[in-house]
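> Top line first, the protein sequences correspond to chains C and E. Its first residue numbered 1, the first sequence is counted upward by one per residue in the working numbering. Its first residue numbered 172, the second sequence is counted upward by one per residue in the working numbering.
Source of the hints: derived by calculation from the structure; they are not laboratory data.
Here are the simulated DMTMM-like pairs of lysine to aspartate or glutamate, each with C-alpha atoms no more than 20 Å apart in a straight line:
#, chain 1, residue 1, chain 2, residue 2
1, E, LYS190, E, GLU286
2, E, LYS291, E, GLU179
3, E, LYS422, E, GLU249
4, C, LYS162, E, ASP500
5, C, LYS163, E, ASP500
6, E, LYS190, E, GLU179
Simulated restraints, written as ranges between beta carbons of each label pair:
#, chain 1, residue 1, chain 2, residue 2, range
7, C, ALA29, E, LYS508, 35 to 43 Å
8, C, ALA29, E, VAL490, 37 to 45 Å
9, E, GLY529, C, ILE150, 26 to 34 Å
10, C, ARG138, E, LEU525, 18 to 26 Å
11, C, VAL60, E, PRO382, 27 to 35 Å
12, C, ILE105, E, LEU245, 53 to 61 Å
Note that the Cβ used here is the ideal one computed from N, Cα and C, for glycine as well.
Okay, here's what each chain looks like letter by letter:
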Amino acid sequence: MIELGFFYLFAVIALGAALGVILLKNPVAAAMLLVVTLCALAAEYVLLGAEFSAAIQVLVYAGAIVILFTFVIMLLNLGQEEVGQLMGVSKWALLFSLLTGAAIILIQRLSVGRLPEAALSTLGSDNVYEVGMALFTRYLWPFELASLLILLAVIASIVIAKKPTLPARDA
Amino acid sequence: MELPVLDETAVQIIATVVKFLVVLVAVLHIPPVMIWVERRAPALMQRRRGPNRVGFFRWRLWGLLQTLADAVKLIFKEESVPGSAYRGFFHLAPLIGLIPTLLFVSSIPFGPGIEIGGWKISLSVIELDIGALFILAVTGIGVYGVTLAGWASNGKFSLLGSLRASAQMISYEIPLGLSLIPLVLIYGSLNLQQLIYAQSVVWKWGIFLSPISFFIFLICMFAETNRAPFDLSEGESELVAGFHTEYGSAKFALFFLSEYVAMFALSCLCSVLFFGGWQIPFVSHALLVSLLGVNLAALVGVATLLLKAAFFMWLYVWVRWTLPRFRYDQLMNLGWKFLLPLGLANICVTALVLAVMGA
Numbered sequence: 001m002i003e004l005g006f007f008y009l010f011a012v013i014a015l016g017a018a019l020g021v022i023l024l025k026n027p028v029a030a031a032m033l034l035v036v037t038l039c040a041l042a043a044e045y046v047l048l049g050a051e052f053s054a055a056i057q058v059l060v061y062a063g064a065i066v067i068l069f070t071f072v073i074m075l076l077n078l079g080q081e082e083v084g085q086l087m088g089v090s091k092w093a094l095l096f097s098l099l100t101g102a103a104i105i106l107i108q109r110l111s112v113g114r115l116p117e118a119a120l121s122t123l124g125s126d127n128v129y130e131v132g133m134a135l136f137t138r139y140l141w142p143f144e145l146a147s148l149l150i151l152l153a154v155i156a157s158i159v160i161a162k163k164p165t166l167p168a169r170d171a
Numbered sequence: 172m173e174l175p176v177l178d179e180t181a182v183q184i185i186a187t188v189v190k191f192l193v194v195l196v197a198v199l200h201i202p203p204v205m206i207w208v209e210r211r212a213p214a215l216m217q218r219r220r221g222p223n224r225v226g227f228f229r230w231r232l233w234g235l236l237q238t239l240a241d242a243v244k245l246i247f248k249e250e251s252v253p254g255s256a257y258r259g260f261f262h263l264a265p266l267i268g269l270i271p272t273l274l275f276v277s278s279i280p281f282g283p284g285i286e287i288g289g290w291k292i293s294l295s296v297i298e299l300d301i302g303a304l305f306i307l308a309v310t311g312i313g314v315y316g317v318t319l320a321g322w323a324s325n326g327k328f329s330l331l332g333s334l335r336a337s338a339q340m341i342s343y344e345i346p347l348g349l350s351l352i353p354l355v356l357i358y359g360s361l362n363l364q365q366l367i368y369a370q371s372v373v374w375k376w377g378i379f380l381s382p383i384s385f386f387i388f389l390i391c392m393f394a395e396t397n398r399a400p401f402d403l404s405e406g407e408s409e410l411v412a413g414f415h416t417e418y419g420s421a422k423f424a425l426f427f428l429s430e431y432v433a434m435f436a437l438s439c440l441c442s443v444l445f446f447g448g449w450q451i452p453f454v455s456h457a458l459l460v461s462l463l464g465v466n467l468a469a470l471v472g473v474a475t476l477l478l479k480a481a482f483f484m485w486l487y488v489w490v491r492w493t494l495p496r497f498r499y500d501q502l503m504n505l506g507w508k509f510l511l512p513l514g515l516a517n518i519c520v521t522a523l524v525l526a527v528m529g530a
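Isolated chain E, as found in the complex:
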């Protein structure tokens, strides 16, 4: 059978759909694995065993199947909606929270381009010249899921939790955005793929050229995802579970999913901005291409980025079981009175240095 002739647009549309599906399916596998890590890691740190029973006969797979059992349980649980809830928004909120995080992941360049049948296909679902700005815009929208969930539940714990969470996310978006500007100044692009190409040598990595940006970004990474030590939105000793108190079964699982996807996306972004993205340190991409060919080299690139991101995912868990929770006023002071001025000063100093060096 003769294949119909494809033009550039059609190929790119098909490629985008396929890439999005791949990302979607891949992303669905993050929470189960991360929940497993999040149970076994503290067990390791606290000299316990952690969940290790679920399995078939003698094969227990270090408790990996426990999360599978949890997922099945969550999906089949009865769903309850509080009588006083605003129903429409109550059902919509988890989805509204998930979509921006999926868009965020979609804009990450997972590797250099591949070539299939002569067509060049980039390895980010949506490659944009304004990638960094797009990510900031999308994280801005991400707040609505949390806000709506708390309001629609129409309960005190939920509302207070969502107010806390959204105030925190809005506050830390600003230093997050400010921490990106020095990198844009240094590398001269908002396109994430070009930012990666600009970090071709290890000493040109973002962490070495703008360490303060990395410092700010790292703190904001934790605050944006409402993770410990900034997990005040669900401080269980005060607010039961914060904005998702009233949620159960599959909708609760959706909140879990978007939290972990957001963590993954920010981990990827951190590797892209500060650690050379998909490039292996001390090995130039051209060398890899000459050894393995374009497509295999791209796959190695994807694996490298995922490894780097995995480190930050581990860092999330590590920090959670190491540091105690902040108090709310401490959190706000840190964001507005320390990170914001620091970020502004960082931009001014970077711009000055660049101007002096350029002159």
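So that you can see chain C by itself, here it is in the shape it has in the complex:
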């Protein structure tokens, strides 16, 4: 009972903060609310018994990715005016996202009972062990492929970011 109450509490926090992320004009405030959203989601994971995912969520998203967003925002030092120009939402984007959202809800409604229910209790008490076993036995190849993909992305971003060395000029 208490757990259900907390689940809804964190759900409201996550949704409210997520709304703030897209509606606020101050980019740093938006980034901070993104952290709140991610942490509230992590709390939901804990309530669902997935402690490992919760810790990784906070560690990777809140602790590493959003801090880089914040870095960029701080370095660019966006003023209110520039943000205002960025904020103009095009009608097509609005239409597209509304349609996508409607489609997702429609698919979800139509598929009730046809898709298998999300299994909540497959994770035992030893979360890390279960995740590790699944990743390194049954899903080894997808896992390795995913890491290869990320490695490629890392190398590509280094290549893009690296300034081309100027050719030596002849005197």
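Given the structure of chain C, go ahead and fit chain E onto it with the hints provided.
Positioned in the frame of chain C, the structure of chain E alone reads:
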């Protein structure tokens, strides 16, 4: 009066609240003592006397009251907010910096469990199976306090200081995390309490089984807290005071508090991971329990852990007054080009050795 019947959940909730309050109050006492140490220790090293005047009549208590006077002064000082600051975040930043460090301390197992009225109560505020991961996650969040403080002050020194500090903290989190993995491989658990139980004998201590991890962890310990020789974030000759340049009075004291709490938490973690936690070397816990009973033995355990942590707190001060500050590029080179490959190699070698020994 008959006490209402308590069930397990209620007892644990009450125990958690009480434990958290105890930790909170205890933690508040760290900065005054540490500031005293930090003034008297260099005095000792440099053949000076250090502060020794404040006191009542003839009792001067070796200058201990000086920090009390400082704390009173800080709290009653006028608070100033720069006109161009982003006010909300300016006020929030010290708190955002403090909360993760408090969570960090809360997850440290200070001793074996105690028993009150038949209920078993563990001596960490929040005991988690994923304790080590939780600590890494929480240190990741800890960066925001520094980042926000510098940005919200809206000044050059503050911004540069906070950029330096947060870049440094992010960079050194990675080797810090990598240095924990060999220990997790060796002891087979992320639960800090179980890590301690696995180090029951001295030769099984983390420092002997994985000395390179200890080496990396020790360096990261200094870098994570922005302490000398890695205190570039507040290099006073370049940046006045770094990210907290614009902060005064109680908010400045909060930054101080979170810095010292973080130092204390990392010192505790170091003792837990590499020095057997609350266990006294060469004395088995079972023997202590048979001699003193469960609760007294637990208290002895807490004292042992605090002593071990106190050594690392001393080490912080010792190093600060011994080594000169790094240059920023040296700091980044050390983190990314030396500690990161070393940490990865350490994991591979440990895993290989474990696999060979297991086979």
